[in-house]
Amino acid sequence: MEPDNDVALDIIITNVVCVFRTRCHLNLRKIALEGSNVIYKRDFGKVLMKLRKPKITASIWSSGKIICAGATSEEEAKLGARRLARCLQKLGFKVKFTEFKVVNVLAVCTMPFQIRLPEFTKSNRPLASYEPELHPAALYRIKDIKATLQVFSTGSITVTAPNVQFIATAVEQTYPLVFECRKIHI
Amino acid sequence: MAAAQSCPECGSSNIIDDSHHSQAQLVCVDCGSVVSEGLLTTTLSEEQYHMTSHSSQHSRYSERSVLGKQLYRNQNRSESGAYSERTDKEPCRNQIRGLQRVSTLCHILRFPPGVEDSSRSLFERAYRHPAFLGVSLERKEVLAGCCVLLVGRQYSWPVTMGTISSLLQANPGLMAGVYLELVEKLGVEAPPTTITQLVRSHCSSFQLSTASVPDQFSECLSKLVDRASNLVELAGEAWIVTGRHPVPILTAAVYLSWLSLRPVAPRLATSLSRFCKLAGVPLPLPAHKRLAELQDALCKLGKELPWLRGVKLDRKVVAKHAGDILKHRAVLLRRAMESQGGEEVEDSEQAPQRTLGVAEQAACVTAHSGASLSLVGSVTQCAGCEDKELEGAAAAALNTGGNEKGGSAQGSLSSPAGGSVVQCSSAEGSVKPAAMVPVKGTINSAQDLVETEGPGNCGTLPLPAGGKRRRPVFLPPCIVNPPKRRQRDEEESRGREVTGDEEISDSEIEQYIRTPDEMRQFAETQSRLDECRAEVSRGT
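These protein sequence lines map, in sequence, to chains A and B. By the count of the numbering used here, the first sequence reaches residue 186 at its end, each step adding exactly one. By the count of the numbering used here, the second sequence reaches residue 1540 at its end, each step adding exactly one.
Calculated from the structure, these hints are not laboratory results. Nothing here was measured: the structure is a model prediction, and the numbers come from that model. Treat the hints with care, since some could be wrong.
[What the hints assert, rightly or not] If you want the footprint, here are the derived chain A segments under chain B, 3+ residues with CB under 8 Å:
id	stretch
1	17-31
2	73-85
3	147-161
All C-beta atoms, glycine included, are put in the ideal place defined by N, C-alpha and C.
Given these sequences and hints, build the entire structure.
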């Protein structure tokens, strides 16, 4: 199997985190009283609201900043954020859906081979670090696309990047590196 | 110690140093009047003594004291307000203490002098680095341990982070953070310690000599180390080591070795916790689980021993046969693959839904390259590898717990959501185009990755000997016990097209808003709860 041959890998997005602003002050007590599926975290000064479709959890601050997490695609994250803004509008707030941005995407990809982590770390220093006493995976960072990859010896790779395109780029860049360090069984 | 002074009240020269709480004072013995107070040192003459060549070169005075201001008047402060960026200044008290701590740790760990010198120089370099200048004292204390650990690893000295943190009585999380920062900021390379390097040092911590324990429990260190090393290698092949903390595995391996070297009744009746008490070693909590996993791995291989066929082999009995199992583990593993590993598979297209291991693909490649398949049972050790490579201890990573489908020789992947199937290319043959089922939340690989070409119909590949493909005997725990994944609806798994700009109807939003009745009930309940809490707090 040559690394130059092109392969198709299945990358599964497990979490998308996005933020947006409502451009108005939000009364958290009113949201906690009139909204359902709401948890009021008074100590942290925020309200957690959970939507069913899409299945996301939103953290709402009184300044109008909202962080949504739990979506499985960027489009779904936007839909969930819009639903949330609409819900706040129904509660009586003058909400405007502004400054929407996807800030983090988490994806999982599984390689069809095992990986020798000490060798992978040695050949990719200083971008890669592996401390088996601290974490079972090797950590590999790609600075230009701000992606962080956790490479497990089973072949599973967890990728975190600012958007989906960078996730794919990170997997493309990392595949030849892990391919060179795959376990070969005689 | 008092200089020749006279009391201004009574003229007596009998003046002594006395301290009122933490304040140093010069007091007249005869009349009790305070001659002088508030100096950080006793007398100016004493300070002047320290300034002479007779004094210690490591003395340093606070910059706020009168003498300190005189001494350090001409020093330039850095932008951060620290003096410590100068290379020619004397080390501060914390740095001296840190260096002493480094030396002490090196002596405890019995480092050779060269390693100790490297540790000290690394600590001095790290201490003066801007990243560690203004940090808390706790971090500086941990920094000493991190330098010792780093240098120990560079010299392949078997020392773990847990050992250093317990010696320093430091928070392991803090130690981890400081260590990673040290490696990053100083750009120092340090290979992680492999578990095989730790076997001897861990075995030597067990007090099993004839002087410490009764004869029936004592054991020779070299034999214990050899047997434990073999067990640790087997653990590496059986996916017991990967991702786990090494110390519980080592403890379990030493215990099993001790049992198997002399499986007499008193030893077999000794439990793991009692053994650790006997040997004077703390028992880590996960050691029981690692022991069970090691015993299960031995049972799997022990079933293939000819003289044990028909014998019921369980965890309690397997220690007696561990020696034989470890001696012949290569052959036993091959036999286990043949007998326990699954059905024969000759053609991938007609194959039942089964996942192929990488061992088979490697066997294909090896066969094609002319290597002998009789080496299947051989063990290959790579330098720096955590696990030894052995046929059968392979590629269950392919089996992610989702659907299994026979694919090309190289193995197929299926997503946990039950959707798409991807085929990987191999060195020979051609891969059929991937039958991609769009899955919600997955990336369409046709868009993101380059085209697939190359090899792959399994029928064109040379099959391993006998035309059999075998399932690996040992699988990673995450494959054997896959985590429960959220079951999505079939509609969702088929991937409804979501654009993010769909219209949102009022009926979808109403479910998230309480009705007026619900609001009233919620407010009443809340007020009652508050009253109850107030009563309880008043009552207590």
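Results for each hint:
1. 17-31: With 0 residues in contact (Cβ-Cβ under 8 Å with chain B), the coverage given for the stretch 17-31 of chain A is violated.
2. 73-85: holds (count 9)
3. 147-161: That given contact holds, which follows from 5 residues of the stretch 147-161 of chain A lying within Cβ reach (below 8 Å) of chain B.
Of the hints listed earlier, the one the structure fails to meet is number 1.
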